[in-house]
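Q: So the protein lines, in turn, are chains V and S. Just so you know, this note's numbering puts 21 at position 21 of the first sequence, and the rest follows in order with no gaps. Just so you know, this note's numbering puts 22 at position 22 of the second sequence, and the rest follows in order with no gaps.
Careful, some of the hints might be misleading.
With a straight-line Cα cutoff of 27 Å, these simulated DSS-like cross-link-like pairs (lysine-lysine) come out [unchecked claim]:
| no. | chain 1 | residue 1 | chain 2 | residue 2 |
| --- | --- | --- | --- | --- |
| 1 | V | K92 | V | K238 |
| 2 | S | K4 | V | K284 |
| 3 | V | K284 | S | K2 |
| 4 | V | K70 | V | K284 |
| 5 | V | K280 | V | K148 |
| 6 | V | K386 | V | K148 |
What follows is a set of in silico ranges between Cβ atoms, one per label pair, in the way DEER data are often shown [stated by the list, open to error]:
| no. | chain 1 | residue 1 | chain 2 | residue 2 | range |
| --- | --- | --- | --- | --- | --- |
| 7 | S | D28 | V | P234 | 15 to 25 Å |
| 8 | S | E63 | V | A332 | 20 to 30 Å |
| 9 | S | D28 | V | D12 | 46 to 56 Å |
| 10 | V | L385 | S | K2 | 43 to 53 Å |
| 11 | V | E131 | S | H6 | 22 to 32 Å |
| 12 | S | K2 | V | E216 | 44 to 54 Å |
| 13 | V | T268 | S | D36 | 42 to 52 Å |
| 14 | S | K2 | V | E82 | 50 to 60 Å |
| 15 | S | L33 | V | A147 | 42 to 52 Å |
| 16 | S | E63 | V | R195 | 12 to 22 Å |
| 17 | S | G42 | V | K310 | 23 to 33 Å |
Covered stretches of chain V, going by a simulated chain S footprint (3 or more residues, C-beta under 8 Å) [to be verified]:
| no. | region |
| --- | --- |
| 18 | 115-122 |
| 19 | 274-288 |
| 20 | 341-348 |
| 21 | 352-359 |
| 22 | 362-374 |
Just so you know, these hints were derived from the structure itself, not from any lab. Beta carbons are placed, not taken as given, at the ideal position from N, Cα and C, and that holds for glycine.
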Amino acid sequence: MATRAAGAVVPDHVPPSLVRDFSYFRGPEMEPTPCGHPQAALSFVHREGPAIFYAPNNTYDGRGTWVFTKAEDQRAVLNNTEVFSSNRGIFKAALGEDLPMVPLEVDPPDHMKFRALLNPLLSPRRVDAMEAGARERAVRLIEGFKAKGTCEVMNDFAFPFAVGVFLQFLGVSDDRRDEFLGWANEQFHGTLEQRLNAMRTVVDFMKSLIALRRREPADDFVSFLLAAEVEGRPLTDKEILGVAVLLFEAGLDTVAAAVGFDLYHLATHPEDQQRLRGDKDLIKPAVEELFRAYSTIQMLRTAVCDFEYKGIPIRAGDLISCPTMIANRDPAEFPDPDRIDLARDNNRHTAFAYGPHRCLGSHLARRELIVGLEEFLARIPTFRLKAGSSPITYGGYVFGIENLDLAWD
Amino acid sequence: MKIKVHHGMCQGHARCYSLAPDIFQLDDSGYILPGDIAVPAGQETLAQRGARSCPERALEVAED
Numbered sequence: 001m002a003t004r005a006a007g008a009v010v011p012d013h014v015p016p017s018l019v020r021d022f023s024y025f026r027g028p029e030m031e032p033t034p035c036g037h038p039q040a041a042l043s044f045v046h047r048e049g050p051a052i053f054y055a056p057n058n059t060y061d062g063r064g065t066w067v068f069t070k071a072e073d074q075r076a077v078l079n080n081t082e083v084f085s086s087n088r089g090i091f092k093a094a095l096g097e098d099l100p101m102v103p104l105e106v107d108p109p110d111h112m113k114f115r116a117l118l119n120p121l122l123s124p125r126r127v128d129a130m131e132a133g134a135r136e137r138a139v140r141l142i143e144g145f146k147a148k149g150t151c152e153v154m155n156d157f158a159f160p161f162a163v164g165v166f167l168q169f170l171g172v173s174d175d176r177r178d179e180f181l182g183w184a185n186e187q188f189h190g191t192l193e194q195r196l197n198a199m200r201t202v203v204d205f206m207k208s209l210i211a212l213r214r215r216e217p218a219d220d221f222v223s224f225l226l227a228a229e230v231e232g233r234p235l236t237d238k239e240i241l242g243v244a245v246l247l248f249e250a251g252l253d254t255v256a257a258a259v260g261f262d263l264y265h266l267a268t269h270p271e272d273q274q275r276l277r278g279d280k281d282l283i284k285p286a287v288e289e290l291f292r293a294y295s296t297i298q299m300l301r302t303a304v305c306d307f308e309y310k311g312i313p314i315r316a317g318d319l320i321s322c323p324t325m326i327a328n329r330d331p332a333e334f335p336d337p338d339r340i341d342l343a344r345d346n347n348r349h350t351a352f353a354y355g356p357h358r359c360l361g362s363h364l365a366r367r368e369l370i371v372g373l374e375e376f377l378a379r380i381p382t383f384r385l386k387a388g389s390s391p392i393t394y395g396g397y398v399f400g401i402e403n404l405d406l407a408w409d
Numbered sequence: 001m002k003i004k005v006h007h008g009m010c011q012g013h014a015r016c017y018s019l020a021p022d023i024f025q026l027d028d029s030g031y032i033l034p035g036d037i038a039v040p041a042g043q044e045t046l047a048q049r050g051a052r053s054c055p056e057r058a059l060e061v062a063e064d
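So here's chain S without its partners, still in its complex pose (with noise of 0.2 Å):
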C-alpha cells in the first residue's frame, strides 16, 4: 500500500505523526516530508488511520 502525499495542502495538524510516528514523517516546522510514502506491510490499518484523520485531505491512500 502506498500513500500519496499531497504536500501543499498540508497545514501542519500533524494527526498523522499522531498516530503512526514511525510511517509519516515531518519536517522541522511539523509539515509532512514530500514524496510518496510506502506502508511497511503489517502497518496498513494505522497508516489508512493517520491518513484518513488528515483535517486537510492532503494523504491519499492508494493500493500499489
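Next comes chain V alone, as it looks inside the complex (with noise of 0.2 Å):
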C-alpha cells in the first residue's frame, strides 16, 4: 500500500527514510520571492541530506521525483543513458501531438547522428561569427535606455537581447520580435491556458516557416534542415519541427534569466562590479562563475528499467532530477560553494548539463552573457537596484526573476 506525504502518492519501493517534504515549486524561495536568491536557498540540502532523497511533489503537474544532490551522482546519471531516459513526451503531454524535441528528446545511439548534424551549426567558431551581430542588438538596446538613468532589466534588456539573437539565428525577421516575445513571456510565465495556447502558436509558427522555406529556400536555419540528412536520409517534417520547437523552449527563457540574475548580483555586489570594471579580462571567468553560483535548470529523466543506485531502489518509470543549481553548489566539488569569487579556478560547474545531452546552445549562450555584461558594464555606469524596488525571483522548472529594476546617476 502506497503512503502519502505532503499530499502525494509515495510509491511502495521508496523507504519512508528518504522522502522529504520538497519542492522547486513551493519550497522556502521557491514561490515569486522580492529580493530572493532560489538558487542559494537550495544549498540546504547538502548540509541536511540524505544526498539522494524522494519528493513526492516536485513537478509542474504533481509528480514525485528522486532528486540527486551531489555533483558526482548526477554525472553518473547523466551519463547512463541506457537506464536514464531523456524523452519525457514534454509536448505530447501538453497538447496531444507525438512530437518529440529534437535531439534533447532523442536518446543514444540515435541522439549522436542529430548532435553530429547540428553542432557545427552551434560550435564555438561559429558563435565567433555571430557574436558581431549580438553585439550590435546589445549595443542598441543599451543605448536606447542609457540616458534614462533607469531600466527594467528584463522587458528592457534581457529578453529583447535573447528573443533578438534567437531570431536572427532562425533567419526570421526581427520586426517579428515583439510577438515573439509575447509567446515568450506567455508560455513561460502565463496561467496553463495561456502556456498551452502559446506552445500551440509556437508549434504552429514553426510548421508554416517549414513550409514556408520548403517553397522558397533561403540561407537560413530551416532551410539547412530541410536540405540536411542523417543515415542517407532527409529529416522528416517531425524532426525539423522538433529541432525548431527546442530552439525556442531552450534558448529564449534561460539566456534571459541568466541575464536577469547576472545584472542582479552586480547591482547588489557593487565591489564585483568594481572588480569587472576594473578588470576586463575577468569578464568570461566572472560569467562562468554567475552561471554555477546562479544555475537556472535541472535535467529530468526517467528510469526505463529497475535500477539500483548506492542502495537505492530505482523502479522504471521513476523520474529522476538533476538540479544543476544543487550540484554547482556541492561542497564535495566547489570549495566554500555558497562564496561567489569572480575569478574562482577549478571551475567545473555543470550549468549546462553533463553527458551526450550536455546543452547545444551553450557556446552562444554563454557568448551571449559575456557581450551583453560587457557591453552593459561600458556604457552603464555603476548601477544599482532603483530605491523602492524588489526584483521578484522564483524557483520552478527553469529558475528566474520577473523584474529588475536598475538605476544609475
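Given two chains presented individually in distinct reference frames, assemble the corresponding complex, making use of the accompanying hints.
A: In C-alpha cells:
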C-alpha cells in the first residue's frame, strides 16, 4: 500500500527515511519572492542530507521525483542514458501531439546523429561569427535606455536581447520580435491556459516557417534542416519541427534569466561590479562563476528499467531530477560553494548539463552573456537597484527573475 | 608547460576555448583537436585555468 506524504503519493519501493518535503515550485523562496535568492535557498540540502532523496510532489503536475544532490551522482545519471531516458514527451503531455524535441528527447544512439548534424551550427567557432550581430543588438538596446538613468532589465534588455539573437539565428526578421516576446512570456510565465496556447502558437508558427522554406529556400536555419540528411535520408517534417521547437524552448527564457541574475548580482554586490569594471579580462571567468552560482535548470530523466544506485531502489518510470543549481553548490566539488568568487579557479560547473545531452546552445548562450555584460558595463555607469524596487525571483522548472529595476547617476 | 589532451573524454563543453581561444583549438563541431598542447611562455596561468575548468577532466596539466 503506497503511503502519502505532503499530500502526494509515495510509491511502495521508496524507503520512508528517504522521503523529504521538497519542491522546486513551493519550497522556501521557490514561489515568487521579493529580493529572493532561490539557488542559495536550496543549498540546505547539502547540510541536511541525505544526498539522494525522494520528493513526492515535485513537478508542475504534482508528480514525485528522486532528487540527486551531489555533482558526482548527477554525472553518473546523466552519463547512463541506457537506464535514464531523456524522452519525457513534454509536448505530447501538453498538446497531445507526438512531437519529440530533437535532439533533447532522443536518446543515444539515435541522439548522436542529430548532434553530429547540429553541433557545427552552434560550435564555438560558428558563434565567433555570430558575435558581431549579438553585440550590435546589445549596444542598440543599452543605448536606448542609457540616458534615462534607469531600466527594467528583463523587458528592456534581457528578453529583447535573447529573442533578437534567436530570431537572427532562425533567419526570421526582427520585426516579429514583439510577437515572439509575447509568446515566450505567455509560455514561460503565463497561466496554464496561456502556456498551452503559446506552445500551440509556437508549433504552428514553426510549421508555417517550414512550409515556407520548403517552397522558398533561403540561406537560413530551417532551409539547412530541409536540405540536411541523417543516415542517408532527409529529416522528416516532425524531426525538423522538433529541432525548431526545442530551440525556442531552450534558448529564450534561460538566456534571459541568466542576464537577469547576473545584473542582479552586480547591482547588489558593488565590489564585484567595480572589480569587473577594473579588469575586463575577468569578465569571462566571472560569467562562468555566475553560471555556477545562478544555475537555472534541472535535468529530468525517466528510468526505463529497475535500477539500484548506491543502494537506492529506482523503479522503471521513476523520475530523476538532477538540479544544476544544487550540484553547482556541492561542497565536495567546490570549496566554499556559497561564496561567489568571480575569479574562481577549477570551476567545473554543470550549468549546461553533462553527458551526451550537454546543452547544444551553450556556446551561444555563454557568448551572449559575455557580450551582454561587456557592453552593459562599458556603457552604463555604476548601477544599483532602483530605490524602492524589489526584484521578484522564483524557482520552478527554470529558475528566473521577473523584474529588475536598475538606476544609475 | 604542456597540456595533455585526453581526446576521447572531450564532450564538447569548450570551456577551455571560452577562456583561452588561442591555446585550445577546436574542430568544426566544437571538440578539442587531438594532440598535446605546448603552452607558450607567459600563458601558463590562462592555460591552467582553461584546463581546470574542463567538466570531463579531459585536459591534464603537465610540466615539461
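Q: Look at each hint and say if it fits the structure.
A: Here is how each hint holds up against the structure:
no. : hint                        : verdict
1   : K92/V to K238/V             : holds (13 Å)
2   : K4/S to K284/V              : holds (23 Å)
3   : K284/V to K2/S              : holds (23 Å)
4   : K70/V to K284/V             : holds (26 Å)
5   : K280/V to K148/V            : holds (25 Å)
6   : K386/V to K148/V            : holds (12 Å)
7   : D28/S to P234/V: 15 to 25 Å : holds (22 Å)
8   : E63/S to A332/V: 20 to 30 Å : holds (28 Å)
9   : D28/S to D12/V: 46 to 56 Å  : holds (51 Å)
10  : L385/V to K2/S: 43 to 53 Å  : holds (47 Å)
11  : E131/V to H6/S: 22 to 32 Å  : holds (29 Å)
12  : K2/S to E216/V: 44 to 54 Å  : holds (53 Å)
13  : T268/V to D36/S: 42 to 52 Å : holds (44 Å)
14  : K2/S to E82/V: 50 to 60 Å   : violated (36 Å)
15  : L33/S to A147/V: 42 to 52 Å : holds (47 Å)
16  : E63/S to R195/V: 12 to 22 Å : violated (55 Å)
17  : G42/S to K310/V: 23 to 33 Å : violated (45 Å)
18  : 115-122                     : holds (count 4)
19  : 274-288                     : holds (count 3)
20  : 341-348                     : holds (count 4)
21  : 352-359                     : holds (count 5)
22  : 362-374                     : holds (count 3)
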